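K.L.:
Construct the complete structure from the given sequences, taking the supplied hints into account.
Chains as they are written, first to last, in our numbering: chain A, 1 to 267; chain B, 1 to 132; chain C, 1 to 400.
Fair warning: there could be bad hints in the mix.
Said to hold, decoys possible - Some but not every residue of chain A turned toward chain B, in silico, with C-beta under 8 Å:
| # | residue |
| --- | --- |
| 1 | Arg39 |
| 2 | Gln42 |
| 3 | Ala105 |
| 4 | Arg143 |
| 5 | Thr190 |
| 6 | Arg191 |
| 7 | Met192 |
To be verified - Here are the simulated lysine-lysine pairs, DSS-like style, with alpha carbons at most 30 Å apart:
| # | chain 1 | residue 1 | chain 2 | residue 2 |
| --- | --- | --- | --- | --- |
| 8 | B | Lys104 | B | Lys54 |
| 9 | A | Lys182 | B | Lys103 |
| 10 | A | Lys208 | B | Lys128 |
| 11 | A | Lys182 | B | Lys128 |
| 12 | C | Lys10 | C | Lys225 |
| 13 | C | Lys162 | B | Lys6 |
| 14 | C | Lys4 | C | Lys79 |
Just so you know, the hints here were simulated from the structure itself, not pulled from any lab data. All figures in this text were calculated on a predicted structure; none of them were measured in a lab. We treat Cβ as the ideally placed atom computed from N, Cα and C, and that holds for glycine.
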Amino acid sequence: MSMDRRQFMKIAGLSAVLGIGGSLIIDKAGHAGLGAGPRYEQGPNAIEAKRWGMVIDAGKIKTGEDYKRIIKACHSIHNVPDFGEAKDEVKWIWTDDYEHTFPSAENPFMDQTYKEKPFLLMCNHCEFPACVRVCPTKATFKRPDGIVVMDYHRCIGCRFCMAACPFGARSFNWRDPRPFIKQVNPEYPTRMKGVVEKCTFCVERLAKGQGPACAEASNGAMVYGDLMDPNSEIRKILATTYTIRRKPELGTEPSIFYVIGGSENNA
Amino acid sequence: MYNGGKIILGLAVFAGLVTFPFLYNIGQADRQPDLKLDTPVIRQMAVKHCVEPKAFMRAEHMQLLNDWRNEALRQGNREYVSSTGEKYNISLQNTCLHCHSNKKKFCDECHNYMAVHPYCFDCHLQPKENVQ
Amino acid sequence: MLEKALTGSKRYWAWVFFLLALIGAGTLAYLKQFSYGLGLTGMSRDVSWGLYIGQFTFLVGVAASAVMLVIPYYLHHYKTFGRIVILGEFLAVSAVIMCVTFIFVDMGQPMRIMNVILHPRPNSVMFWDSMVLSGYLLLNIVIGWTTLGAERRAVPPPKWVKPLIYLSVPWAVSIHTVTAFLYAGLPGRHFWLSAIMAARFLASAFAGGPSFLLILSLLVRKLTKFDPGKEAVQTLGKIVTYAMFLNVFFMLLEVFTAFYSNIPGEMASFKYLYAGLDGHSRLVPLMWTSSILAVVSMAMLIFPKIRAKENLLLMACIAVFISLWIDKGFGLVIGGFIPNPMEHVVEYWPTLPETIITVGVYALGFLVLTVLYKVAISVKEDVEGAAYKKIEPAGQAVSK
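P.N.:
Now the structure itself:
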């Protein structure tokens, strides 16, 4: 009985949708008119991975200027607005202190330098992302290469992903962001009000053969690479250096690793 | 007929309302959309052509853009190989509007005529010369 | 039957137009929110759900509570509820309509609402929530309307309604379970990550919904010729009593786990809500109001002698309702976001436009409720009037 009802409702819903969107279907049929037809490819310079990840060596990022430069590299390229206040804030990469970056790993007797040192926070591109699981429209999804991205065109702005993300990585456009972008990058879109956004691991740059903008601006403090490739630079660092992740106990398997004590031990 | 006057009056008001859009525009020839292809980039093209034939683009560009969006964003395929074998970077902002840098005289002409309001440009930036 | 809602006293129409005015104000505020964005509300990056989703959660409970009348009446043939079961079903209809509207006004891109059906993700709880809520709305409209129509014609309801009624019982449980799952399955939100969340939701629903229904029943008796019956009211009071104790018990279980385990994340939201955290304590007075009302109401409800006095029972039920409204419609949702995932405390308070929109949605729900109750009660008055006429000598029949 319950299946029948559900199916009935689905069909009823679908026919309503088809009634409205019927012309789209006809358009699709017309698309075949191109004959042998178009293809879609990755592009010649695209760099690929089975699962992208990043190591952030906190010891190598020394001054406040360094942090500012890295954050600005990301935010200026991606047209991330600066509202100048916390309530409407949108951010893809930002800093916080040890205690708030790794809330369950704090220690009252820790070395003061690390206690007060800022750490870079961003989307963890989790292997089992809670945000993807909860999205009702598949607007946020995980690509085969492990990167968790947003389809802003499809996002309905329900903000379930923001409730689900244990890392606070997601921002919502509480209002039109455009007036708050100081210097617009003409090659990258902005977002519109009412959608969620976050770090994309620079998928648009990977497609052109470039690395993430933050890593590029970090002077080697942020190393990106394929976590599934045992010969990659990132795997070598992970094999030889003690690294931690944010909230590993939640089982989302973050792909961003932190070197806390600097890279002195790094072979 | 009971309440005949009221019914006739009601019918008259109804008919007036329904035909209002037609009556209002009577005698006014609607201005046809006047698309301009005259941009610096197009001017320099030896053979002026879009990514696909003109007739296809005219009828199907919205569907093509939809496919581009899904392929680039969801499949990670950012290169389009056209039916004639030419390769294009999939980008509304950097490919389409690179040639059609006159959004107002190209996109908007038809969209306004058809009274459609695609939300592309809520996110994708318009070419500089049209930003006011 | 809908024509019954088109005739009424001056008081009825004044109430209807009052609600329409509130809906108008809410609509204007919503239009402003639609053009400006959800930044018009008090929500932020850190508290990304607020009053709207809180009200939604609370009202799903009110909707689900109709089952507290359906089970005794249809499954146990408890005839006393025969007079008010329709009031429960129609309350559910209006509550679900409010729920759906609250979800709609909370959306950043409401024009894309069909994406939930066009691109469904079956492992998203929100997808299932939209499915079960629309199903429940349909069930209650069909069941309520059909049984009322049958009553009007003095015939038994058609046979095909019975399976639907039975279906509505687990379905009611499902809507609130799925709504609890919106919260209870999120990693990193300690306050919500609790296996008894759905049970808590149901317990608070079965206290809050029937207490509201009891208030409505007494109101109906006062304003119309229809009397829901003294015994029905008393039984409702009993249901409220049991459910409220269960609800508070469940809530204390959470407190025990959090504080005896001494895990900071488990305790943080409780501390914020009841004592303040890092110097932030905006919700503390509200939460203590809720707690005090809960204690007072339980102290009244537990004594049968107090319950037997309808005025005191009414006061206890008002206390239950307000207590649960604060606890679930405010504390539960907002408390889950504070502290945020980085354990910073960012507070939330609704803005004026947000409040006006919320009032507007409630007015819409009350308008639906008023119209449906008007129809139901007019039908019942007619039926009873007709029965009365049959018994009394023709000349003495009360003229309408």
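K.L.:
Would you mind marking each hint as holding or not holding in the structure?
P.N.:
Each hint, compared with the structure:
A distance limit of 8 Å between C-beta atoms decides the matter here; for Arg39 (chain A) the minimum to chain B is near 4 Å, and the interface restraint holds. Hint status for Gln42 (chain A) relative to chain B: holds, with the closest Cβ pair at about 6 Å, below 8 Å. For Ala105 (chain A), the interface hint is violated, the least distance from its beta-carbon to any beta-carbon of chain B being 35 Å, above 8 Å. A cut of 8 Å between beta carbons decides the hint on Arg143 (chain A): the least distance to chain B is about 6 Å, and the hint holds.
With its C-beta approaching chain B no nearer than about 5 Å, Thr190 (chain A) sits inside the 8 Å limit, and its interface hint holds. Look at Arg191 (chain A): its Cβ gets to within about 6 Å of chain B, closer than 8 Å, so that hint holds up. Checking Met192 (chain A) against chain B by beta carbon gives a least distance of about 4 Å; that is within 8 Å, so the hint holds. A distance of roughly 19 Å separates the Cα atoms of Lys104 (chain B) and Lys54 (chain B); the hinted pair therefore holds under the 30 Å criterion.
With a C-alpha separation of about 23 Å, the suggested pairing of Lys182 (chain A) with Lys103 (chain B) holds against the 30 Å cut-off. Under the criterion of a C-alpha separation no larger than 30 Å, the hint pairing Lys208 (chain A) with Lys128 (chain B) is consistent with the structure, at around 24 Å. As the CA atoms of Lys182 (chain A) and Lys128 (chain B) are separated by approximately 15 Å, the hinted pair is consistent with the 30 Å bound. Between the alpha carbons of Lys10 (chain C) and Lys225 (chain C) the distance comes to roughly 16 Å, so the proposed pair stays at or under 30 Å and holds.
Note on Lys162 (chain C) and Lys6 (chain B): the hinted pairing is violated, with a Cα-Cα distance of about 47 Å set against a maximum of 30 Å. Straight-line distance between C-alpha atoms of Lys4 (chain C) and Lys79 (chain C) comes to about 26 Å, which keeps the hinted pair within the 30 Å bound.
In this structure, the earlier hints numbered 3, 13 are contradicted, and the remaining ones agree with it.
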